[in-house]
Amino acid sequence: MRRLAAWIAIALVAIAVLADFLAADRPLVLHDDGATSWLLNLHDAEPRGDRLRATLGPDDWAIWPPLAHDPVEVRTDHELAILEAPSRRHVLGTDDRGRDVAARLIHGTRTSATIAVATAALALALAIVLALAAVRFRAGRAILVACDAVAAAPPVLTVIAAQGLTGARGLLPVILLIALPRAADTARLLAAELRRALALPFTEAARAAGASPLRVLVRHALPQAAPMLAATTALTAATAVLSEASLAFLGAAAPAPTPSWGELLAQATANDLRWWLAVPAGLAITIATWALLTLARPRR
Amino acid sequence: MLRWAARIVGTAVVTFVLAWALAECGPGSAAERAAGAAGTLPPTERMSERRTVIAEAARVHGLDGGAVSRIGRATARLATFDLGRSWRDRRPVGDVIGDGLGLTARIAIVAMVLALGGGAVAGAAAARTRGRIGGGVFGAMTAVAAAAPVVWLALMMVDAGGRGELAAAVALAIAPAAAVAVQVHAQLVAFLAGPIATAARARGCSEARVATHGLRAQLPALAPLITTVGAYALGASVVVERAFALPGLGRLTMDAAGRGDAPVLAGVAALAGAIVATLSVIAELVAKAADPRLRGEP
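Residue numbers (this note's numbering), protein chains in the order written: chain A, 1 to 300; chain B, 1001 to 1298.
Next up, chain A with everything else stripped away, as it sits in the complex (with noise of 0.2 Å):
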C-alpha cells in the first residue's frame, strides 16, 4: 500500500510538471514550412488550436499533446461546446464556458501540488525552528502553549476570516495559514521527539566529546526525529490538498481563470452538479489524499 502510495505521489507531481505538455493546444512538434520546431509549449507561439490545424497544409504535420485543449483559453473554429457531457472531443467533457475538464483537471494538479509542497515546506521548517527553540531556551514552555493553541486553528475557517478582514487575495496567505496550525502541531510532537533524544546515551556522548548544545540538537537529536517529521509533512500535505479544494470551492483559493480541483466541485454546485464535472475532481482529491495519508501512517 505504501509502494502504490508513493507511485501515485511521484505521478501526481510529474503530472503537475508535465502539465503544458500532457494538455495544451500547441503541439509538441511541428513541422510548417519545411521548418520543425520542437516544444512549441515552451515558447509563447501563435496561431495554435484549430487556428494553427487550418493553416496546415499538405506536407505540414505536428505532434500534438495526448488532450489537445488549453485548460483556460478557448480557440475554436467549432461552436463553443458549454456543459457538454463527455465525448471524442471532450474525454471528459467541458464545463460552463466550453473549457476542456480533463485539460483542467491536469492543470488543476499543479494548482494542488504546488500548494503542496509550498504549504509542506513551510510548516516543516517553521516546525523545526520552532522546536528547537522550545527545547534550546528556557522561554520554550510558552512556545509549546503557543503551539497548543494555534495546532486546532482550523483552516478553512481562519482563510476566510482573515481574507475577509484584510481584503488581501491571493495563494501566498492561504499557504501560510494553511501551514501555520500544521507547523504547531509538527512542533510540538518534534520537541516531545527531541527531548526524547536528548536523553540517550549517544547525545550524551556528543555532549562530552565537547559538542556545542545547538549542535548536538541539530546533528545528532534533529535526524532522530526524521521518521516521524517525514510523516508529519505528508499529513501536511494531504490537509493541504483537502483545505485548497475547500476553499476553492468557496471561491476563497486561486483567482478566477487557474485550473483547480476545488473549483470544478464549485463549478459542479453551479451547474445541477454534472457529474463530470464533479465525480472526476472528486476522485482526484480523494486519490491524492489518500496516497498522502497512507505515506503519512507510521511504519508498522
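Just so you know, the hints here were simulated from the structure itself, not pulled from any lab data. Since the model is a prediction, treat every value here as computed from it, not as a measurement. Please note that a few of the clues may not be correct.
Claimed, not checked - Among chain A residues calculated to face chain B with C-beta under 7 Å, some are:
| no. | residue |
| --- | --- |
| 1 | Pro154 |
| 2 | Val156 |
| 3 | Ala161 |
| 4 | Leu165 |
| 5 | Phe249 |
| 6 | Leu265 |
| 7 | Gly282 |
Don't be surprised by glycine CBs; every beta carbon is placed ideally from N, CA and C.
Let chain A serve as the given structure and place chain B on it in line with the hints.
This is chain B only, laid out in the frame that chain A set:
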C-alpha cells in the same frame, strides 16, 4: 477551575485581538471600510457627502483614533460582552452570530457524537471480527472515508437527495469517524492480544467485557480527538453549510467575509477560539477522569 477559565478566555481574547489587528492591515481607514461594508458610501466625486458618511460610521462604531487605541477599545468592550455592531446593518454582533450559532452548534454536536460514537463502535466491531475479508473491507472503507474531501461528500449527498441538518451532520462526521475508527481499531487489536486481556479472559470475562475494558483503557489516548473532531466540524461547517444551503455560522462568516464586515468576523474568531479552547479543556478533563496517573501533572 480558574486555570481552565483563563485558558478559554485568554484564547478568545487573543484571537479577537489578532482579528482586529488583521482588520487594521486592510486598505483605507477602518471608518471608510465600515461605511463601505454598509453599502452607503457615496462615490469619490461627492467628496463632502462621502466625508460625512465616513465620519458618521466612525462615530457609530467608535473608530476614531489610532489603530492601537481602536483595538484596545474593542478589546475593552469585550470585557462587558459587547462585541460591537455589524458594519453592514449596525445590528449588535452578538445577535448576528446568535442567528446562525444554533444551527451550526446542532450540526457540529450531532457530527461529533456520530464521529466519536460511530467511529468507536465501528473500530471496536472491526477489532472483534478478526477476519481477513472483514479487515480488508474495514481498511479500505476507512481509508476512502478519511481521504474523501468533505465538499465532495456533501455534494454527493445533496445529489442523492440528502437535505437538512441531519444530512449535513452525517457529511461532517464521515472523515473524523474514519480517523476515530482507525485509532480505536489499532489500539483495541493490540489490547486484545495483550496480557491484561488474557488475564481478564482467564478470570471468565466474556469477549464483550474484555473489549469494554480495552475501550476504557484507551480513553486517555482518544480524548484529544474531542478537540480535533470539534475543530474540524467547526471549520468544515463553512463548506457543508454552503453545499446544503443552510443558514448557520459558516454562512454568516462567508457573508461577513464577502463584505469585509470586521466586527462580525472578529466576533466569529473570538467565538471559534473559545470553542476550541473549551473542547481542549474538556478533552483534558476526560483524559484525567479516565487515567488517574494524569491527575498528578501540573
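Quick rundown of the hints versus the structure:
1. Below 7 Å, beta-carbon pairs count as interface contacts, and Pro154 of chain A has one with chain B at about 2 Å; its hint therefore holds.
2. Because the smallest distance between the Cβ of Val156 of chain A and any Cβ of chain B comes to about 5 Å, under 7 Å, the interface hint for this residue holds.
3. Interface restraint check: Ala161 of chain A against chain B, minimum CB-CB distance 5 Å, threshold 7 Å, status holds.
4. Contact between Leu165 of chain A and chain B, as hinted, is supported at the beta carbon level, the nearest pair being about 4 Å apart and thus within 7 Å.
5. For Phe249 of chain A, the shortest C-beta to C-beta distance to chain B is roughly 5 Å, which falls under 7 Å, so the interface hint holds.
6. A hinted interface residue such as Leu265 of chain A counts as satisfied when its beta carbon comes closer than 7 Å to some beta carbon of chain B; here the least separation is about 5 Å, so the hint holds.
7. Restraint check, Gly282 of chain A versus chain B: the minimum CB separation of about 4 Å is within 7 Å; hint holds.
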